[in-house]
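Trainee: What follows is each chain in one-letter form.
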Amino acid sequence: NAGVMQNPRHLVRRRGQEARLRCSPMKGHSHVYWYRQLPEEGLKFMVYLQKENIIDESGMPKERFSAEFPKEGPSILRIQQVVRGDSAAYFCASSSGHPGLETQYFGPGTRLLVL
Amino acid sequence: DAKTTQPPSMDCAEGRAANLPCNHSTISGNEYVYWYRQIHSQGPQYIIHGLKNNETNEMASLIITEDRKSSTLILPHATLRDTAVYYCIVISFGSNYKLTFGKGTLLTVNP
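Taken in order, these protein sequences are the chains called A and B. According to my numbering, the first sequence is numbered sequentially starting from 1. According to my numbering, the second sequence is numbered sequentially starting from 1.
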């Protein structure tokens, strides 16, 4: 049973470019969460999605960041016009049922470096 | 959610049991105690969780005191691969899915 998969594992972008991070949840899971971990800091919640719906994006920066979880395919976290401060590890987690009742399982993360 | 307090670091000899404490004195009745760990450069890994009874799985045991104000994660036979930051968090199921990881405990397993 494959776990949560994320790709790419490492991503290098120059300032102003777009970064696109992908997350495939565990088999049977329909809830996806994105977290960001800045260097030397803890994980911070960004967004919670179900298929084709954004449930809670209260942790997302107001500009340049967007997320989707289409009916088919992985969840995508998109960062437009990246800046150096976006350099961080981005983790995706998934759960199977009600988000307050099911354990979240994390992927290996995507490490974004903005030059 | 209740706040948790953990020691910043601990050492353990390989093959010995590692006992990681966590205080959560303001925990309420519907809050679960969860443990995750994060090995350097990897994603957080779920270990175990419990409400009020002691729990055991293939990775660890969780001992929760009767008043639920503290708990201990036990790794029965620590290996070098168990070196990681261990996070104790309290989750109020049904109302909060935004996991918040504090500083945790850096467990170093020594050969």
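Check the hints yourself; a few may be wrong.
Every beta carbon over 12 Å from chain B, so not counted as near; a handful from chain A, in silico [said to hold, decoys possible]: (1) Gly3; (2) Gly42; (3) Lys51; (4) Val83; (5) Ala93.
Calculated cross-link-like contacts (lysine-lysine; reagent style BS3-like; alpha-carbon spacing at most 25 Å) [unchecked claim]: (6) B:Lys52 <-> B:Lys69; (7) A:Lys62 <-> B:Lys52; (8) A:Lys27 <-> A:Lys62; (9) A:Lys51 <-> A:Lys62; (10) A:Lys27 <-> A:Lys51; (11) B:Lys98 <-> A:Lys44; (12) B:Lys69 <-> B:Lys3; (13) A:Lys51 <-> A:Lys71; (14) A:Lys71 <-> B:Lys52; (15) B:Lys98 <-> B:Lys69; (16) A:Lys62 <-> A:Lys44; (17) A:Lys71 <-> B:Lys69; (18) B:Lys52 <-> B:Lys98; (19) B:Lys3 <-> B:Lys52; (20) B:Lys3 <-> B:Lys103; (21) B:Lys103 <-> B:Lys52; (22) B:Lys98 <-> B:Lys3; (23) A:Lys51 <-> B:Lys69; (24) B:Lys69 <-> B:Lys103; (25) B:Lys98 <-> A:Lys27; (26) A:Lys62 <-> B:Lys69.
Since the hints were derived computationally from the structure, they do not count as laboratory data. Glycine residues also receive a C-beta, built at the ideal position from the N, C-alpha and C atoms.
Trainee: Give a verdict on every hint.
Mentor: Here's how the hints hold up against the structure:
{"no.": "1", "hint": "Gly3", "verdict": "9 Å, violated"}
{"no.": "2", "hint": "Gly42", "verdict": "4 Å, violated"}
{"no.": "3", "hint": "Lys51", "verdict": "16 Å, holds"}
{"no.": "4", "hint": "Val83", "verdict": "23 Å, holds"}
{"no.": "5", "hint": "Ala93", "verdict": "8 Å, violated"}
{"no.": "6", "hint": "B:Lys52 <-> B:Lys69", "verdict": "10 Å, holds"}
{"no.": "7", "hint": "A:Lys62 <-> B:Lys52", "verdict": "40 Å, violated"}
{"no.": "8", "hint": "A:Lys27 <-> A:Lys62", "verdict": "31 Å, violated"}
{"no.": "9", "hint": "A:Lys51 <-> A:Lys62", "verdict": "22 Å, holds"}
{"no.": "10", "hint": "A:Lys27 <-> A:Lys51", "verdict": "14 Å, holds"}
{"no.": "11", "hint": "B:Lys98 <-> A:Lys44", "verdict": "8 Å, holds"}
{"no.": "12", "hint": "B:Lys69 <-> B:Lys3", "verdict": "11 Å, holds"}
{"no.": "13", "hint": "A:Lys51 <-> A:Lys71", "verdict": "6 Å, holds"}
{"no.": "14", "hint": "A:Lys71 <-> B:Lys52", "verdict": "39 Å, violated"}
{"no.": "15", "hint": "B:Lys98 <-> B:Lys69", "verdict": "22 Å, holds"}
{"no.": "16", "hint": "A:Lys62 <-> A:Lys44", "verdict": "15 Å, holds"}
{"no.": "17", "hint": "A:Lys71 <-> B:Lys69", "verdict": "43 Å, violated"}
{"no.": "18", "hint": "B:Lys52 <-> B:Lys98", "verdict": "22 Å, holds"}
{"no.": "19", "hint": "B:Lys3 <-> B:Lys52", "verdict": "17 Å, holds"}
{"no.": "20", "hint": "B:Lys3 <-> B:Lys103", "verdict": "12 Å, holds"}
{"no.": "21", "hint": "B:Lys103 <-> B:Lys52", "verdict": "24 Å, holds"}
{"no.": "22", "hint": "B:Lys98 <-> B:Lys3", "verdict": "14 Å, holds"}
{"no.": "23", "hint": "A:Lys51 <-> B:Lys69", "verdict": "38 Å, violated"}
{"no.": "24", "hint": "B:Lys69 <-> B:Lys103", "verdict": "19 Å, holds"}
{"no.": "25", "hint": "B:Lys98 <-> A:Lys27", "verdict": "22 Å, holds"}
{"no.": "26", "hint": "A:Lys62 <-> B:Lys69", "verdict": "38 Å, violated"}
The structure is inconsistent with the numbered hints 1, 2, 5, 7, 8, 14, 17, 23, 26, although it conforms to all the rest.
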